[in-house]
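Residue numbers (our numbering), protein chains in the order written: chain A, 1 to 313; chain B, 1001 to 1680.
Hints listed in this document are in silico derivations from the structure and should not be mistaken for laboratory results.
Don't take every hint at face value.
As the list claims (entries may be wrong) - No more than 20 Å apart at the CA atoms, straight line, and that leaves these computed lysine to any residue pairs for SDA-like:
1) K53/A to P96/A
2) K1426/B to K157/A
3) K157/A to T1118/B
Unchecked claim - Using C-beta positions, here's what the derived DEER-type ranges look like:
4) S86/A to A1162/B: 26 to 32 Å
5) L1050/B to V107/A: 38 to 44 Å
6) T1212/B to T21/A: 31 to 37 Å
7) V89/A to Y1267/B: 56 to 62 Å
8) S70/A to A1162/B: 43 to 49 Å
9) G1417/B to L227/A: 29 to 35 Å
10) R1130/B to K53/A: 21 to 27 Å
11) R1130/B to L161/A: 54 to 60 Å
12) L1050/B to G124/A: 30 to 36 Å
13) I177/A to R1130/B: 51 to 57 Å
14) S70/A to K1470/B: 52 to 58 Å
15) V89/A to G1132/B: 46 to 52 Å
16) K174/A to M1490/B: 37 to 43 Å
What the hints assert, rightly or not - Partner residues are not named here, just some residues of chain B that face chain A (Cβ under 7 Å, in silico):
17) F1159
18) I1202
19) I1266
20) H1269
21) V1274
22) G1277
23) T1281
24) Q1288
25) L1307
26) L1401
27) R1432
28) R1434
29) E1442
30) C1450
31) G1454
Using N, Cα and C, we set each Cβ at its ideal position, and we do this for glycine too.
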Amino acid sequence: MLRVIRNRLLQAIPTLLVVATLTFLLIQLVPGNPANFMLGPGATLAQVHYIDKQLGLNLPIYTQYWNWLSGVLGGHLGTSYVGHTSVGVTLDHAVPATMSLAVLATVFALVVGFTGGIIAALRGGIVDRLIRFTASLGLGVPNFWLAVLLVYVFAVKLALLPATGYTSFTQSPKAWILGLILPVLALTVNNTAQIMFQARNSVLEVLSRDFVRTLQATGLSRRRIILRHIVRNAAIPVITVAGFVFVVTLGGVVVIELIFNILGIGQVFLTAVNEHDVPTVQGAILYFTLAVVLVNLGVDLIVAWIDPRTRVR
Amino acid sequence: MTSGREMATPEILSIDTETVTANPDAPALRRALTAAAKHPSVVAAALWLLLVGLASVFSSQLAPYDPLAQNVMDSYALPSLHHLLGTDQLGRDLLSRLIFGGRGILLGCCETVAIALTIGVPLGLVAGYRGGWIDSVLAFVVNVLFSIPGFVLLIAVAFITADSLPAIMGALGVLASATILRLVRSSALAVRSQGFVDYARIAGVPLPLLLTRHILRNTLGTLVVQVFYLFSLAFVIAASLSFLALGFNPATPSWGQMVFDATQNIYLHSWLMVPVGVILTATVLAFQTIGNVIRESLPQANRDSLLAGKSGPIAVAEPWDQAARLERSGRGSAPAPAVPEISDDVLLRVDGLCVSFPRQDGSRYNVVDGVDLTVRRGEMLGVVGESGSGKTMSALALLDLVPRPGVISARRFEVAGHNVLTLQPKERARLRGRVVSYVSQEPMVALDPCFTIGATLSEPLRVIRGLGRKAAHAEALDLLRRVGIARPEMVARSYPHQLSGGMAQRVAIALALVSQPELLIADEPTTALDVTIQAEILDLLRELQSDTGMTVVLVTHDLGVVADACSHVAVMYAGQIVEYGAASDILTKPSHPYTTSLMAAVPTAGAQGGRLQTITGSVPSPQSWPVGCRFANRCPVAIDECSAAPVSLQVEEARARRCIREPTVARLARDVAHVVRSPE
Ligand code: SF4
């Protein structure tokens, strides 16, 4: 298992490097000069040159790349063009909110979706159809629309929960969780439905495997076979899908943060995009990528832990 | 589509997949698509998508108003005859805006899907077919693409390209091509390992044709499903982008933008939310539904659950036992036990055992049709027959493990002094393992892949035999030693996938022995193994039997196995026993034409090329059993009378046979078979 962990870590590093490089190159494609954006339309050529020099934009591209990469590796993501603050600091402040959202949404989806899927597969009949119908609806509702609906019902009409804003956990755990209920719900409904379908299908698939029959023939109880063997085998594809779902959730976070006015990485990113704040855009993409790579790594490790067949590679 | 027949006769299915060498999936896809197309929810979904598509194409003709025409006097109007869906904050007609608002999004979806397919399919084919470094490079690329936070990248693309929708949706297509690539690659890999691609290559089919014809066709089912999911994903993303006003011109209406407008007015004019919400949800739902239904219609999605349900009691009567009823009214005597009356040393006794499955119309048909068996302690009974004879189903019925929705019924069913017919499902389940136990055909899939052999063996030892952790481990090692495994410690630490077939079968046998059963049912325990290993496993079974005095029912299609190992033999055909007796007796003097033909089909030593003789034709399927002798259409010595009425099982001393002709005539079947089969 230790070897597996080491191997996966080693695989993750080149991926991260490639994505980082792509990010850098991508940003180079932005038309126009950042200095022009910063100075506005009335800037003189001398001013632009001055800014270029300050930002290192007059250097050849590979030098810029090298400066940027060595900075990133040393933990310096640069300085924002707009607020002249450290990009790393801004992003670090935004991380807890975004992670709270994405992690809670994924955990909820995993717990509720998996349970629902197992029940649907084992019960069959009307229960199955009911669960599948609900899941279909959940799959269909766009999260941004659902978010607005939830705000309307729970915040405006019933006034049960706050409509917007984020309180950090350290400030007040209660306010933290109350503020997260609606955005997490809006984010997670699609995911839950997706995991529900996957769980149902994989439980059905596992049920058709020969070992189920062998285990029954040894005299183990139905309950034990379901809980110990079927759930465990069915979990393998479900965990993989949960990983994909998490990545999609990170995208959803951008929209949901906007609607609920939560200052997370998504908001930072959107603002930076609108303000052409290149270092912040780069940094945010890097943070998102890091999250994806870490989650993929985690998924791989969990799957390797459950399924011995994947440990060899 | 699961027809009752497919569910009921896994044996027939398994032979199908073995013998099919032609491309198996193409007609299956067509069948799946036709089946899906009949589904009402698919019809509704397709109609909806058609409606949305047409509305987007012909928006200018269909929209009652100019979607941009403002009328501040008439803002926030609720639905009325003037404005069917009301108006927005600027008094613009909502219906018209909806009709115009889908165009960009849907066009973008089409672009994404097209690009994903154009990149993913050919690269996937090449990666899967060629393998090697191309595959490794592509695998890395896919890995990178999967590590990119998609939506974030799209926003970045919007930023770079100054909100160009084609560029954004194209980028999404590139990202999504990774999924397609992976899918096609794994199918190509799987198909490649099947024989027919090699044949086609040897036959000189050019590579591009080979790739598209044979490999692509095989993945087509999953690919179609994936395309619908991709549409749905692209749709949600495009709508989200338009909600963020990215990639969409604020001047032209779009659905996401309409949601945004609605958000701004949610407090006072919540109606604005409704129409656009319905459209978005219904469209995603439509894509997903079609994908799901097709997916479920594909053959691989329809495998039956092997988990026995919490079913009711086994039917005592024989409501579906048509044959038995006919038999009583027809010719011959009532079904009689094949051996003299029951005595103490009888371990298993079943009379009139039937297994039935429902047809689509709710009526039922039998796959096992009135089987009588008596097995004494210490016997080794061989149950022989071709695929589709019902032998496996009979064996599973003895364990009460018939796959759902099969139903077992019998007139009499006793194991080791338990009257199974009066037991509750829970009590019947308690017989499994402790009294009757089971070894299956495919050792490599018979063990839970997630657990080590040691853990697999220890579990029932602890749960059922109540041993402690250490004692269970010691006993597990002991069991492994007893089934002839030389290094039990090492095997106990291994996982099933690390074992060879023969080794896995030994472990499976050890698992069956855990609770010291009195009756072991072995369903083709040697079929999946190499010839040399087959003999070893048979030896092991014989050894265990003589050591423990255990009784064994050995299901097999191989008369050679019976000759090697069994004391008694029951020959099954089309759900019935056609001949029964002591193995030595039957094998030297078969008295049923089917047994005779089976013996002729056994490859004898010296014959070249393995199976020289096979019986022409195949077992009739359970739903088309004839009234008369079920073997009549293949029987070399059949006469008209054979098909006239059901043939009953006639008992003579220690033997029984189901044939109206004399044993001497039946024995001729062998020579006739030879004549029929050899044209020279
Ligand atoms: S009854 Fe007739 S058809 Fe049937 S096995 Fe005997 S001879 Fe053949």
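To see whether the hints hold, each was checked on the structure:
{"no.": "1", "hint": "K53/A to P96/A", "result": "violated, 35 Å"}
{"no.": "2", "hint": "K1426/B to K157/A", "result": "violated, 52 Å"}
{"no.": "3", "hint": "K157/A to T1118/B", "result": "violated, 49 Å"}
{"no.": "4", "hint": "S86/A to A1162/B: 26 to 32 Å", "result": "holds, 28 Å"}
{"no.": "5", "hint": "L1050/B to V107/A: 38 to 44 Å", "result": "holds, 39 Å"}
{"no.": "6", "hint": "T1212/B to T21/A: 31 to 37 Å", "result": "holds, 35 Å"}
{"no.": "7", "hint": "V89/A to Y1267/B: 56 to 62 Å", "result": "violated, 36 Å"}
{"no.": "8", "hint": "S70/A to A1162/B: 43 to 49 Å", "result": "violated, 31 Å"}
{"no.": "9", "hint": "G1417/B to L227/A: 29 to 35 Å", "result": "holds, 32 Å"}
{"no.": "10", "hint": "R1130/B to K53/A: 21 to 27 Å", "result": "violated, 50 Å"}
{"no.": "11", "hint": "R1130/B to L161/A: 54 to 60 Å", "result": "holds, 56 Å"}
{"no.": "12", "hint": "L1050/B to G124/A: 30 to 36 Å", "result": "holds, 32 Å"}
{"no.": "13", "hint": "I177/A to R1130/B: 51 to 57 Å", "result": "holds, 53 Å"}
{"no.": "14", "hint": "S70/A to K1470/B: 52 to 58 Å", "result": "holds, 57 Å"}
{"no.": "15", "hint": "V89/A to G1132/B: 46 to 52 Å", "result": "holds, 47 Å"}
{"no.": "16", "hint": "K174/A to M1490/B: 37 to 43 Å", "result": "violated, 55 Å"}
{"no.": "17", "hint": "F1159", "result": "holds, 5 Å"}
{"no.": "18", "hint": "I1202", "result": "violated, 32 Å"}
{"no.": "19", "hint": "I1266", "result": "holds, 5 Å"}
{"no.": "20", "hint": "H1269", "result": "violated, 11 Å"}
{"no.": "21", "hint": "V1274", "result": "violated, 10 Å"}
{"no.": "22", "hint": "G1277", "result": "holds, 5 Å"}
{"no.": "23", "hint": "T1281", "result": "holds, 4 Å"}
{"no.": "24", "hint": "Q1288", "result": "holds, 5 Å"}
{"no.": "25", "hint": "L1307", "result": "holds, 5 Å"}
{"no.": "26", "hint": "L1401", "result": "holds, 6 Å"}
{"no.": "27", "hint": "R1432", "result": "holds, 5 Å"}
{"no.": "28", "hint": "R1434", "result": "holds, 6 Å"}
{"no.": "29", "hint": "E1442", "result": "holds, 6 Å"}
{"no.": "30", "hint": "C1450", "result": "holds, 5 Å"}
{"no.": "31", "hint": "G1454", "result": "violated, 13 Å"}
Hint check: violations occur at hints 1, 2, 3, 7, 8, 10, 16, 18, 20, 21 and 31; the rest are consistent with the structure.
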